[in-house]
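> Residue numbers (UniProt numbering), protein chains in the order written: chain C, 1 to 153; chain G, 1 to 203.
Because the hints were derived from the structure by calculation, they are not lab data.
There could be a bad hint or two in this list.
Stated by the list, open to error - Think about it this way: if two alpha-carbon atoms lie no more than 30 Å apart in a straight line, the pair counts; the simulated DSSO-like pairs of lysine-lysine are:
id, chain 1, residue 1, chain 2, residue 2
1, C, 75, G, 17
2, G, 198, C, 21
3, C, 21, G, 119
4, C, 39, C, 138
5, C, 101, G, 10
6, C, 39, C, 141
7, C, 53, G, 17
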Amino acid sequence: MFEQQNERSYQKQEAVFLNAKGVTKKNNRWYKDVGLGFKTPANAIEGTYIDRKCPFTSNVSIRGRILTGTVHSTKMTNTIIVRREYLHYIPKYQRYEKRHKNVAAHLSPAFVGVEAGDLVTIGQCRPLSKTVRFNVLKHQKTAKKTAKQFQKF
Amino acid sequence: MGISRDSRHKRSHTGAKRAQYRKKRKFELGRQAANTKLGAKRIHEVRVRGGNKKFRAMRLEAGTYSWGSEAISRSTRIVAVVYNASNNELVRTNTLVKGAIVQIDATPFRQWYENRYAKVLGKKRRQAGSEEKTDANKPRSRHLAAKVAARKGVVEPALDSQFGSGRLYAIITSRPGQSGRCDGYILEGKELDFYLRKIRNKK
Chain C
1 MFEQQNERSY
11 QKQEAVFLNA
21 KGVTKKNNRW
31 YKDVGLGFKT
41 PANAIEGTYI
51 DRKCPFTSNV
61 SIRGRILTGT
71 VHSTKMTNTI
81 IVRREYLHYI
91 PKYQRYEKRH
101 KNVAAHLSPA
111 FVGVEAGDLV
121 TIGQCRPLSK
131 TVRFNVLKHQ
141 KTAKKTAKQF
151 QKF
Chain G
1 MGISRDSRHK
11 RSHTGAKRAQ
21 YRKKRKFELG
31 RQAANTKLGA
41 KRIHEVRVRG
51 GNKKFRAMRL
61 EAGTYSWGSE
71 AISRSTRIVA
81 VVYNASNNEL
91 VRTNTLVKGA
101 IVQIDATPFR
111 QWYENRYAKV
121 LGKKRRQAGS
131 EEKTDANKPR
141 SRHLAAKVAA
151 RKGVVEPALD
161 SQFGSGRLYA
171 IITSRPGQSG
181 RCDGYILEGK
191 ELDFYLRKIR
201 NKK
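This is chain C alone, in the form it adopts within the complex:
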């Protein structure tokens, strides 16, 4: 449990009071259901990480848009870039062109093993940093080396 205290200030959940007398059930952890039918991962409930921006274990609320996309990069600390592709219609030629937009989303430590190419559902929350306004809610790994399968781009 002590690997979480890597910062210069004490990391803890704000909603939890640690020093009550007459003791506690072990693992005094606060978590919530984000709503809209999203299941809170077991890792969020049983884990020991402290993340002020996790939608399940802190007070960021998910409201507004819910988007899906594929993971483009995971090189940032605790955040990922989600690539959303779409087709744009050109009326003159009656044809489409491919376009994409990148969205920066916060990735809670509850999600382990997220790699580039995985499908991810993100929900809008309040601004968490200069470019991050979304939080990862659901993660679905892409099976490696499937035979040619039609996938939503």
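Since the structure of chain C is already known, use the hints to place chain G on it.
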């Protein structure tokens, strides 16, 4: 003032430099930081957006601190700033900000404890003074004495030694530059161990 909180002067997510197309607006304004120091109370009132007030504490010397496990709060004098996770400069200059670890005067808490539990805190120092008239020993009615004896007062050793020196470690949880108050709670348990270690490593 010149301090603005807009994001129009920053580069966009793609790295593009944004052209300036309008002047600074009043609703984007920022003000000078308070940098509240220890000293005789001096608070400036600021008129803010909507006609509301903010109390910019320039100097403070006392605040209300809570003893969480006992669920009480007392107003106490702040003695010194001892640790700040963000900036050591703020420790050296005794600047009061939210999240700073300070030392507060322990007497109101000790008096409350001795009144309630009839036990003496910080034993070692007390022995030098021997059995004086502390609240722990004041005469109580039989009914009250029975109630007091039934209460269990357990204080962890780290806190107990702090009572002996008359200074408790606490963390500030209010924002003195916004509310004009310097309130917080007394550090206990794992949090206290964490900060004690940080303070000791500094020295």
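> Evaluate each hint against the coordinates.
Verification of the supplied hints:
1. For the hint pairing residue 75 (chain C) with residue 17 (chain G), the CA-to-CA distance comes to about 24 Å; that is within 30 Å, so the pair holds.
2. In summary, the hint linking residue 198 (chain G) to residue 21 (chain C) is supported, as the alpha carbons are separated by about 25 Å, within the 30 Å threshold.
3. Our distance criterion of 30 Å between C-alpha atoms is met by residue 21 (chain C) and residue 119 (chain G), whose separation comes to about 17 Å.
4. In summary, the hint linking residue 39 (chain C) to residue 138 (chain C) is supported, as the alpha carbons are separated by about 8 Å, within the 30 Å threshold.
5. Proximity of residue 101 (chain C) to residue 10 (chain G) is assessed by CA-CA distance (about 20 Å); at most 30 Å being required, the pair is judged to hold.
6. Note on residue 39 (chain C) and residue 141 (chain C): the hinted pairing holds, with a Cα-Cα distance of about 16 Å set against a maximum of 30 Å.
7. Distance hint between residue 53 (chain C) and residue 17 (chain G) is fulfilled; the C-alpha atoms sit about 28 Å from each other, no more than 30 Å.
No hint from the list above goes unmet by this structure.
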